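Working from the sequences, and respecting the hints, build out all of it.
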Amino acid sequence: MSKKSELRRSTNVRLFVLLGLLVILAICYFVFEKFRLWILGLIAVVLVAFGLELSGTDMDLGKLIETGSVKESMITKTESGMWLINECEKKENFNCDNFAYQEEAQTLFEECGGIENDVHGLDRDKDGIVCEANKKRPLDAGSKSVWEILGYEGEVEADTSAEETTNE
Numbered sequence: 001m002s003k004k005s006e007l008r009r010s011t012n013v014r015l016f017v018l019l020g021l022l023v024i025l026a027i028c029y030f031v032f033e034k035f036r037l038w039i040l041g042l043i044a045v046v047l048v049a050f051g052l053e054l055s056g057t058d059m060d061l062g063k064l065i066e067t068g069s070v071k072e073s074m075i076t077k078t079e080s081g082m083w084l085i086n087e088c089e090k091k092e093n094f095n096c097d098n099f100a101y102q103e104e105a106q107t108l109f110e111e112c113g114g115i116e117n118d119v120h121g122l123d124r125d126k127d128g129i130v131c132e133a134n135k136k137r138p139l140d141a142g143s144k145s146v147w148e149i150l151g152y153e154g155e156v157e158a159d160t161s162a163e164e165t166t167n168e
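Under our numbering, residues 1 to 168 are what the sequence shown spells out, in order.
There could be a bad hint or two in this list.
Said to hold, decoys possible - Straight-line alpha carbon distances no greater than 20 Å define the calculated EDC-like cross-link-like pairs of lysine to aspartate or glutamate that follow: (1) 3 <-> 118; (2) 34 <-> 53; (3) 136 <-> 97; (4) 3 <-> 103; (5) 71 <-> 125; (6) 3 <-> 33; (7) 136 <-> 125; (8) 126 <-> 111; (9) 4 <-> 58; (10) 136 <-> 111; (11) 126 <-> 110; (12) 136 <-> 110; (13) 71 <-> 60; (14) 4 <-> 66; (15) 135 <-> 123; (16) 3 <-> 111; (17) 4 <-> 97; (18) 63 <-> 53.
Note that these hints are calculated values from the structure, not bench results.
As the structure is a computational prediction, the values presented were derived from the model and not from experiment.
See the structure below:
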């Protein structure tokens, strides 16, 4: 799993960020007298988020807006404390046949937490290498992101900043 994914799913990081926001808003409350009502509203929102995080409950706001269902937008947490976000939710239950190449399955497996959080059961022998029977990607086929593997090509913008700097 990438460091970015680990940080995004970490309860401690989320609590630290929310606490930092509360401190900033508290300072703004005393500095900007004209905006105190707005700042109090923002403090209330951050306190609700802090409470949700402490209780181990969270929601995917994008899914809430899309479906209108609070129940469907709830994000679950594993025993190890990892949030199951997007493609890592149990409901889609991928198997090795869903992937053209072993590397695609490996990428999803690592993004979802690896051995500690194999929600799709891709690593049957628990050795950290998934879908070993799938063919390897040819060297010229390029690398796909998890989003491309799952078919979200048009919905998610890829980070092309590294490509832009090398092309200049």
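What's the verdict on residue 3 and residue 111, does the C-alpha distance respect the 20 Å limit or exceed it?
holds, 10 Å
Are residue 3 and residue 103 close enough, with their CA atoms no more than 20 Å apart?
Holds, at roughly 19 Å.
Starting from residue 34, check that the Cα of residue 53 is at most 20 Å away, please.
Violated - the C-alpha atoms of residue 53 and residue 34 are around 30 Å apart, more than 20 Å.
Does residue 97 sit within 20 Å of residue 4, going by the straight-line distance between their CA atoms?
Given that 20 Å is the threshold and the Cα spacing comes to 28 Å, the pair is violated.
Against the 20 Å threshold, does the CA-CA distance of residue 136 and residue 110 hold or violate the hint?
holds, 17 Å
Between residue 135 and residue 123, is the straight-line Cα distance small enough, at 20 Å or below?
The given pair, whose Cα atoms are some 16 Å apart, holds under the 20 Å limit.
Need the status of pair residue 136, residue 125: alpha-carbon distance at most 20 Å?
Satisfied, since the Cα-Cα distance of roughly 19 Å is no more than 20 Å.
Are residue 126 and residue 111 close enough, with their CA atoms no more than 20 Å apart?
holds, 16 Å
Is the straight-line distance between the alpha-carbon of residue 3 and that of residue 118 20 Å or less?
holds, 18 Å
Holds or violated: residue 126 to residue 110, with C-alpha atoms at most 20 Å apart
holds, 13 Å
Restraint check for residue 63 with residue 53, where alpha carbons must lie at most 20 Å apart:
holds, 18 Å
Does the alpha-carbon distance linking residue 71 and residue 60 stay inside the 20 Å limit?
Holds, because 10 Å separates the two Cα atoms, which is no more than 20 Å.
Going through the hint list in order, the structure does not satisfy hints 2, 5, 6, 14, 17.
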